[in-house]
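2 protein chains.
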Amino acid sequence: MLQVSGIQKQRSGSPTGSVYVHNHCKNPKPLNALGSYIVHDETEYRDGLLPETRDIALPNHTETVNEISIDIGGSLSKLVYFSKDEKEEGGRLNFYKIETSRIDEFIEYLKTILKKYYHHDGKNLINPNLTLIATGGGSYKFYDKLKNSLNCKVQKEDEMQCLIIGLDFFISQIENEIFYFDEENHKYVEVASGELELDSIYPYLLVNIGSGVSIIKVTGPGPDNFIRVGGSSLGGGTLWGLLSVLTTCKDFDEMLEMASHGNNENVDLLVGDIYGKGYNKIGLKSNHIASSMGKVFKKVFEKDQESENTSSDVRLDRLEKLNQEDIARSLLYAVSNNIGQIAYLQAQRHGLKKIYFAGSYIRNHYQTIRTLSYAINFWSEGSKKAYFLRHEGYLGSMGAFLKKELDI
Amino acid sequence: MLQVSGIQKQRSGSPTGSVYVHNHCKNPKPLNALGSYIVHDETEYRDGLLPETRDIALPNHTETVNEISIDIGGSLSKLVYFSKDEKEEGGRLNFYKIETSRIDEFIEYLKTILKKYYHHDGKNLINPNLTLIATGGGSYKFYDKLKNSLNCKVQKEDEMQCLIIGLDFFISQIENEIFYFDEENHKYVEVASGELELDSIYPYLLVNIGSGVSIIKVTGPGPDNFIRVGGSSLGGGTLWGLLSVLTTCKDFDEMLEMASHGNNENVDLLVGDIYGKGYNKIGLKSNHIASSMGKVFKKVFEKDQESENTSSDVRLDRLEKLNQEDIARSLLYAVSNNIGQIAYLQAQRHGLKKIYFAGSYIRNHYQTIRTLSYAINFWSEGSKKAYFLRHEGYLGSMGAFLKKELDI
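One line per chain: the protein sequences are A and B, in this order. No gaps in the numbering here: position 340 of the first sequence is 340 in our numbering, and each next residue is one more. Take any residue in the second sequence, count from 1 to its spot, add 408: that is its number in our numbering.
Bear in mind the hints are in silico, worked out from the structure with no lab data behind them. Even for Gly, the Cβ is constructed at its ideal location relative to N, Cα and C. Some hints could be false.
[Unchecked claim] Listed next, the in silico DSSO-like pairs over lysine-lysine satisfying Cα-Cα at most 30 Å (straight line):
#: 1; chain 1: B; residue 1: 555; chain 2: A; residue 2: 281
#: 2; chain 1: B; residue 1: 792; chain 2: A; residue 2: 354
#: 3; chain 1: A; residue 1: 285; chain 2: B; residue 2: 549
[Claimed, not checked] Have a look at the derived ranges for each label pair, beta carbon to beta carbon:
#: 4; chain 1: A; residue 1: 225; chain 2: B; residue 2: 696; range: 18 to 28 Å
#: 5; chain 1: B; residue 1: 761; chain 2: A; residue 2: 66; range: 50 to 60 Å
#: 6; chain 1: B; residue 1: 710; chain 2: A; residue 2: 364; range: 24 to 34 Å
#: 7; chain 1: A; residue 1: 39; chain 2: B; residue 2: 611; range: 53 to 63 Å
#: 8; chain 1: B; residue 1: 694; chain 2: A; residue 2: 351; range: 24 to 34 Å
[Unchecked claim] Far from chain B by the CB rule (all over 12 Å, computed), these chain A residues:
#: 9; residue: 111
#: 10; residue: 225
#: 11; residue: 232
Chain A on its own, in the form it takes in the complex:
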């Protein structure tokens, strides 16, 4: 149960005696998260953007908000902004994302959002306090573009720090935000925010899966006590890139949908395909994936020999021998399993039991969550646990939003 109001109250009570950095804030205006809840609207599309993540209602936040925040990653740009509730007290946190390649569209969208924050000074619509807080690599790359296009201050913030501030906020303030997959009973389980109280939040491993993967050890308290211990170039961008040429999909969500209907055993080489059975001596079962996509070359070259090529290009002839759903499933498993294994090894190395998987790669997709969760459970023999978030793609932008308030 959520019993506390705002970040400051909960954090200043740390039983370790350490002083949370927030206490040093020059301008502490915590977002009042008392009574906050995730709004269960139907998923909807607005303005042709990708399906939204659900809003978070903040019924007790009454202070004026003069900021919006963005996180411009390698593939996706994310936006968090606050809107007043017109019927009731309080307001909402709103979440949007769009491909970074559509940066100009994104800036146009930001303009429409920023307008809502202006007031009339008698002559013009203005707001001299309005700030865009920007994180992610694009906050550097597109800094001038943002500054020149938008009628507000632009404040850059460090990506890793924002991820951690955002995650800490979601863990400690938002009811029903965190969940895990219960392997035994085969179901999602929501974690009440009381279960992950401050004294037990730290330490943890944060695995953020965007275009690539960043693995961050967070010892806390506060967002400065972290180290990026590793990463991987095999992330969401890899899956998206490969499947955009190996399937006819138009976007990432369509690829995930395909993956959910595929059977990887048609393209992956299993232990049973090599041994004819399991390799019992070392505990590899016959359905263990020995080689992702390991059946493909055989199928492709056998078919090359058997049949006359019918198209102008041998690659297409070969691709047509395979089922694209199977490829999608295989590569989703391969990338997810690999991240799970590396995350486990890093958690093991640093003695961490809790692993939070975040980033837009996950998208609340069943196979992805199951695979990551299974990998952690399998490798750690149940000694480590994988956690997930409802707003998995918004840690950076949420953290940036709080960064102005925190003013560290």
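Fit chain B to the known structure of chain A by using the hints.
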């Protein structure tokens, strides 16, 4: 310098006082490797098989050999056999490989090799002592087929144990077999077998990269003191599978040749592509690969919008926007880097400084060796070392060959 003869002599002198399992052999007939050397013939093709690994001359081995050995993996089958030198004393170890999908061709080839071992008993060509020692998953899967097709005994042996026996033999007996890549001076360096003497051979990590990857911690002495600590489904089969549909290549060697001409920066998303520069705070340089194939979807979908489709299939239209050499290079890097990182994490976890990379994935390919070597050097900050072998694909089959002799 190689100063000792055979396995027994060198191993029984272990200063740890431990008794090498070979001392218990019922029938110890070590291969006499005194004065052995790798034969520098020109690379040649025989009987339409893949290019050969260089023979090993054994000028001092005079005993009769009554065996050949094979290792049937998920993608490739490997063969080791002995042939007498007709002009001089001694003989040679010969090495062959062929795709496992061509198992029937392989069996025909084995028949021709086995014939050389027969003698005339007055009526027929026979050899009642002739044994085929088989390891790898295919030794189980194709056991009946081998037994029914070949006129000799068939003896199955454990894959991991054979890998270790083979590696130990190559390390301790074959001059110029082991090498590493010297990052600083940017060149290959051969390791004299004296440098890797028995008391310092163990412990090590063996990373065997075939269709998939097996990671084995070997504490020695003897081939029974090992544990498979991990693995990955992202191996040679994955690269081969993906590139067989993403390029027009006909075989793995052609893919490696393509990779050597590609530029991964055209398809990989670099830190600099996201940030416009490096991410200095956490030490990621601008040319660091953030996301393998992370530029692809953008290129593909931009092109989708810009141009009219010209072919019957959108996948081909998309593929034609990319350079296949670049894709080959990107995926070779992705798979190699990933294996390097996992190997490092496992070596770190188990406190091992020496990492041997073996398996037919490597094929003495410059970029592969450099990438694996660089990964170990980078992650371990120079505290661990990656070693490679001239006969990298033949550890299992070589070990199987010695298994009859060792008769453990």
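Going down the list of hints, with the structure as the test:
Simply put, residue 555 (chain B) and residue 281 (chain A) have alpha-carbon atoms about 23 Å apart, close enough for the 30 Å limit, and the pair holds. Taken as a hint, the residue 792 (chain B) and residue 354 (chain A) pair is honoured in the structure, with Cα atoms around 29 Å apart against an allowance of 30 Å. Between residue 285 (chain A) and residue 549 (chain B), the direct Cα distance comes to roughly 15 Å. Compliance with the 30 Å bound is thereby established for this hinted pair. One distance hint, 18 to 28 Å for the beta-carbon pair residue 225 (chain A) and residue 696 (chain B), holds here, with the actual separation near 24 Å.
A beta carbon spacing of about 56 Å between residue 761 (chain B) and residue 66 (chain A) agrees with the range 50 to 60 Å that was offered as a hint. Range check, residue 710 (chain B) to residue 364 (chain A): Cβ separation about 28 Å, and the 24 to 34 Å hint holds. For the pair residue 39 (chain A) and residue 611 (chain B), the beta carbons lie near 56 Å from each other, so the given range of 53 to 63 Å is met. Checked against the hint of 24 to 34 Å, the pair residue 694 (chain B) and residue 351 (chain A) passes, with Cβ atoms roughly 33 Å apart.
Every Cβ of chain B is farther than 12 Å from the Cβ of residue 111 (chain A); the closest lies at roughly 22 Å, confirming the non-interface assignment. Non-interface call for residue 225 (chain A) relative to chain B: holds, since the shortest CB-CB distance, roughly 14 Å, exceeds 12 Å. A beta-carbon of chain B comes within 12 Å of the beta-carbon of residue 232 (chain A); the shortest separation is about 7 Å.
The structure does not agree with numbered hint 11 stated previously, though it agrees with all others.
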